[in-house]
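A.B. asks: Sequence:
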Amino acid sequence: MAAAVLLSGCATGTSGSSSAEGAMCNANAAEKFVGRPLEGNQEAAQRAAAARVVRTYITGSALTMDFRQDRLNIETTPEGIITQVSCG
131 MAAAVLLSGC
141 ATGTSGSSSA
151 EGAMCNANAA
161 EKFVGRPLEG
171 NQEAAQRAAA
181 ARVVRTYITG
191 SALTMDFRQD
201 RLNIETTPEG
211 IITQVSCG
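In this note's numbering, the protein residues as written are 131 to 218.
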């Protein structure tokens, strides 16, 4: 019985709602922002991609590997120029 209780903490159920549930990011719609400065374009890229969340990072930064279908990832140069957009 105790093992069942402990293992239930590791179960992944679908009954709870996730922030990503029902939302899909569309990185193709945000491709037009590649080559532009992040400043002044982040929110527009988020809207274009229909993303609920944005993660910005400089090329080479350490990132978590969690996948979120509602997140737009914006990669930039150290100078703040967008080099890549992706979802996840």
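Honestly, I wouldn't trust all of these hints.
List time: in silico DMTMM-like cross-link candidates among lysine to aspartate or glutamate, alpha-carbon distance up to 25 Å [what the hints assert, rightly or not]: (1) Lys-162 with Glu-173; (2) Lys-162 with Glu-205; (3) Lys-162 with Glu-209; (4) Lys-162 with Asp-200.
Keep in mind that the hints were calculated from the coordinates and are not lab data.
A.B. asks: For this structure, which hints from the list above don't hold up?
C.D. replies: none
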